[in-house]
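Visitor: Here are the chains, one letter per residue:
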Amino acid sequence: MEDLKLPGIDYGALLPMLILFGAACVGILVEVFTPRRSRNVIQLSLALLAVVASFVAVIFQHDTRTITIGGAVAIDGPTLFLQGSLLALGLVSLLLIGERQIERGGPFVSQAAITVGSQKDLRQAGDQPGATEVYPLTVFSLGGMLLFVAANDLLTMFIALEVLSLPLYLMCALARRRRLLSQEAALKYFLLGSYASAFFLFGVALIYGFAGGIALSQVHEAVANPERSQVLLYGGLALIAIGLLFKAALAPFHVWTPDVYQGAPTPVTALMAACTKVAAFGALLRILYVAFDGVRWDFQPVLGTIAVLTMLVGAVLAITQTDMKRLLAYSSIANAGYVLVGVLALNEEGLSSTMFYLVAYGFSVLAAFGIVTLVRDADGEATHLARWAGLGRKSPLVAGAFTFILLAFAGIPLTSGFTAKFAVFGAAVEGGQTWLVVFGVITSMLLAFPYLRVVVLLWLSEPSETTPTVSIPGFLTSAALVIGVVATIALGVVPAPLIDLTRDAAQFVR
Amino acid sequence: MNDFPFLSILTLLPLVGAIVVALVPKQKAELAKTIAFAWSLVVLVLSIVMWIAFNVGGDRFQFRESYAWIPSWDARFTFAADGIALVMLMLIAILFPIVILASWHDVEKSNRSAPIYFSLLLAFEFTMIGVFAAADIFLFYVFFEVMLIPMYFIIGSFGGPRRQYAAVKFFLYSLVGGLFMLAAVIGLWVVGGHTFDWGKLAEAAGSIDQNTARWLFLGFFVAFAIKAPFFPFHTWLPDAGGAAPAGAAALLVGVMDKVGTFGILRYCLSLFPEASRWFAPAALVLGVIGIIYAALLAVGQNDLKRLVSYTSIAHFGFIGIGIFAFTTQAGTGSVLYMVNHGLATGLLFIVVGMFVARRGSNLISDFGGAGKLVPVLAGVFFFAGLASLALPGTAPFISEFLVLIGTFTVHPAYAVVATAGIILAAAYVLWMVQRTTQGDLNPALTEVPEMRKDITLREKVVVAPLILLIIVLGFYPKPVTDVINPAVEATMQDVGKQDPGPTAVVANERVAR
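First to last, the protein sequences are chains A and B. Going by UniProt numbering, 448 is the number at position 448 of the first sequence; the sequence numbering is gapless. Going by UniProt numbering, 198 is the number at position 198 of the second sequence; the sequence numbering is gapless.
Please note: incorrect hints may appear among the correct ones.
[What the hints assert, rightly or not] Quick look at which bits of chain B chain A covers, simulated, 3 or more residues with Cβ under 8 Å:
| hint | stretch |
| --- | --- |
| 1 | 64 to 77 |
| 2 | 90 to 98 |
| 3 | 154 to 168 |
| 4 | 171 to 182 |
Keep in mind the hints are simulated off the structure, nothing from the lab. Glycine included, every Cβ here is placed at the ideal spot set by N, Cα and C.
Build out the structure end to end from the sequences listed, making use of the hints.
Guide: Next comes the structure, spelled out in structure tokens:
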């Protein structure tokens with residue numbers, strides 16, 4: 001009998017993920033063993049500490065280029081850059097999640113299982129502190145995302161997909177206000193997400209049949225010298241892509257996005273819009289650039305069509321929205337389309353500009369949803385657009401920040417939105433995908449309209465009786481907003497350092 | 001003296017001013033106005049010094065400065081001014097203090113914040129100076145887009161009754177143009193050797209594939225044609241000009257629209273010479289249509305500000321044909337027209353603003369015989385009208401004349417049709433003046449107490465420099481044409497067109513052969 005050889009494990013390279021998973025496990029113990037009153041502070045500190053420690057670990061690893069645990073995980077430039085971005089964005093999301101000053105008990109319900117509308121439910125809606133399970137769940141999810149962008153074989157990628165998704169499904173159901181909407185969102189997300197995972201897994205099976213292995217390098221070999229039916233290859237690639245496109249919210253797999261973004265507690269929406277997007281595109285980049293590079297001419301037009309469709313759907317439907325969270329959801333769909341344009345450049349610029357876009361958009365969208373948590377009336381957040389009329393007169397600072405973020409989304413220069421768009425469009429022209437850029441520009445024009453409509457509402461409309469007040473943000477939300485807005489300015493005015501960083505990082509190991 | 005970083009300081013100065021003014025509390029409106037006015041005067045003084053330091057016979061681009069920005073894209077903070085940019089910068093520096101002074105009481109009628117208004121004006125000056133001073137296409141594009149934001153808020157927050165509609169229309173039109181240009185800028189960056197530097201791109205211009213160059217030209221041209229605006233991209237201007245406060249409207253047509261024609265000269269012509277020649281007939285036709293069509297519409301207007309906006313579209317038709325005639329005479333005429341139009345139409349808008357502020361209405365039918373109540377103001381209005389219709393002796397006459405004779409040498413037909421625009425100009429201006437200030441006194445006017453107040457000292461100070469400049473440049477344009485001429489000649493060289501010689505000389509050469 002052969003000796004069973006254990007694969008070598010580079011613990012240093014895995015440290016960022018190990019820290020997060022460890023901290024998440026500790027978080028569950030904290031939930032059991034600490035008194036309710038102090039739990040929130042302990043959990044929040046633990047989560048923040050873990051994320052910061054993990055970020056430091058990523059920085060220490062910045063020169064590592066290795067494939068470890070038997071080829072399951074690749075630590076290379078894109079991995080480390082995306083992990084660092086995920087942690088930075090995750091930290092800001094945690095700040096939003098940890099906010100307890102704006103609303104008594106915070107944005108999360110205390111016990112999600114209580115029947116909506118029952119006596120018990122009314123009592124807990126009043127003043128009971130929110131669930132603190134949300135912190136370990138967030139950290140688990142972040143850990144899954146870190147693994148997702150590092151996964152070097154298809155099964156590891158699938159496991160990471162589940163680790164990042166399952167906590168998110170749960171967190172969507174935890175909103176304190178509008179609980180039915182929140183539960184509906186969670187169920188919808190869970191069902192559709194499960195379908196997408198199943199598609200992904202089926203695709204992995206087909207690719208295994210085609211390549212005789214699940215490691216991305218094996219798939220790459222098999223694509224270059226195919227020995228089995230091409231049907232397996234294209235079927236497998238299509239199914240895997242569907243799984244990833246679903247997570248990244250690209251049309252026609254986007255339909256869950258507005259409902260889930262609207263129903264989920266806003267800090268969780270922010271987490272999904274910023275981090276899930278980074279993770280999904282990180283995995284998509286690795287799959288396309290590392291494994292299926294050989295059939296680029298076959299998938300480029302298909303994915304290009306999807307990018308055009310996504311940009312059009314996002315932009316056109318954003319025009320018709322009347323709810324701020326849904327508007328931001330459609331805008332995030334359109335932005336996913338722009339990211340896909342960068343991905344499809346399929347060159348080094350494509351890789352680096354996509355990574356830049358993800359970071360730039362992540363910070364802006366976090367700030368946008370952070371501001372949504374502030375605009376409230378007696379029933380919680382006032383997300384209907386009409387309610388925002390005249391907000392500029394009542395609270396110029398918050399409205400000014402929101403306007404700035406909207407201008408960034410619209411791609412006005414001196415914001416990160418412009419540099420990011422410029423980078424992905426430049427890469428796409430470079431990669432011979434001019435037609436995608438033409439559609440990108442046309443949809444940018446369409447997309448400017450809904451943003452501008454909000455700006456008009458904020459500044460040019462007279463405030464009415466029903467214009468909600470802007471809550472005084474607590475320290476955590478203020479910090480998150482400042483980080484988001486400053487990053488949006490900085491990446492617009494002095495983008496050079498981050499661009500250089502993405503360029504240095506833009507090399508996959510195989 | 002030429003090593004002094006004029007252009008970067010000139011660009012940043014108004015930005016700092018805008019921030020300072022914005023920080024003034026709302027109650028201290030007078031303080032904010034005074035700071036804004038003084039600040040714009042400092043900019044003016046610095047511009048005058050720069051004008052003196054400019055070496056007329058020297059290099060095409062002077063005061064060049066370059067600082068690193070995004071090295072991996074080769075985007076730099078590069079500033080440089082040729083003669084065309086220099087005269088435009090001078091026009092900006094002159095118009096802003098005048099407009100700030102003219103807008104002194106604009107905000108008081110609404111409950112809006114005066115510091116914000118004047119801060120927006122200075123922010124607008126920052127973007128305007130930047131867009132003319134930039135010699136890096138990326139930087140140019142940044143200013144080209146950012147300038148929309150202060151103007152959007154000026155129109156949207158401080159404008160007339162239809163301000164929201166006008167502001168959104170203005171923003172979307174310009175943004176659409178800007179995004180076409182963005183696509184072209186990216187394309188140019190890729191095919192032009194991964195640089196944004198104007199000089200390097202102009203050198204690489206010849207090597208760009210003909211078809212690509214035409215598409216890129218079109219991207220730039222559409223953006224500039226919307227900005228200028230040329231027919232048929234003009235529909236935003238009457239709305240924006242009609243809704244904007246009069247001072248801001250003067251800046252809108254006086255300065256901002258020139259970015260379009262300036263952009264065509266600097267970027268379309270020099271970077272895509274073959275495409276420019278190929279598209280020139282179409283551009284000429286658009287120019288001629290614009291002259292006639294806008295003039296006809298102007299005749300039919302009952303709203304003073306919209307009327308002036310339409311006259312401005314007609315004038316841009318002249319500038320357009322002057323540029324695309326590709327002769328030095330017509331080109332110089334066009335650039336001179338850009339300056340003179342800024343002075344004349346700026347004055348007309350400001351004076352219209354004075355009438356509108358008194359009457360509380362833009363409509364011509366609400367006036368009638370106003371000259372009997374405010375004779376001096378009516379006189380200034382008449383003068384501004386005459387300058388706008390290019391009466392000999394006023395500055396616009398020289399530029400219009402240069403454009404027409406410069407165009408006639410190569411395209412007589414267009415020049416002849418365009419000349420009809422002069423007649424129409426006389427019609428719309430004189431009829432406007434007649435209906436507002438001449439004839440029987442409209443009895444409703446006497447009931448408006450403000451209409452009894454003739455021109456004030458502040459208003460005299462506002463209009464005096466413009467009147468003076470219009471007359472002086474009408475008789476002695478040489479200081480300006482000397483600066484413009486070499487830059488236009490260089491541009492024509494970029495396009496690869498030479499002026500047609502006198503026909504007799506050509507005949508002699510043939511005989512000699």
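Visitor: For this structure, which hints from the list above don't hold up?
Guide: 2
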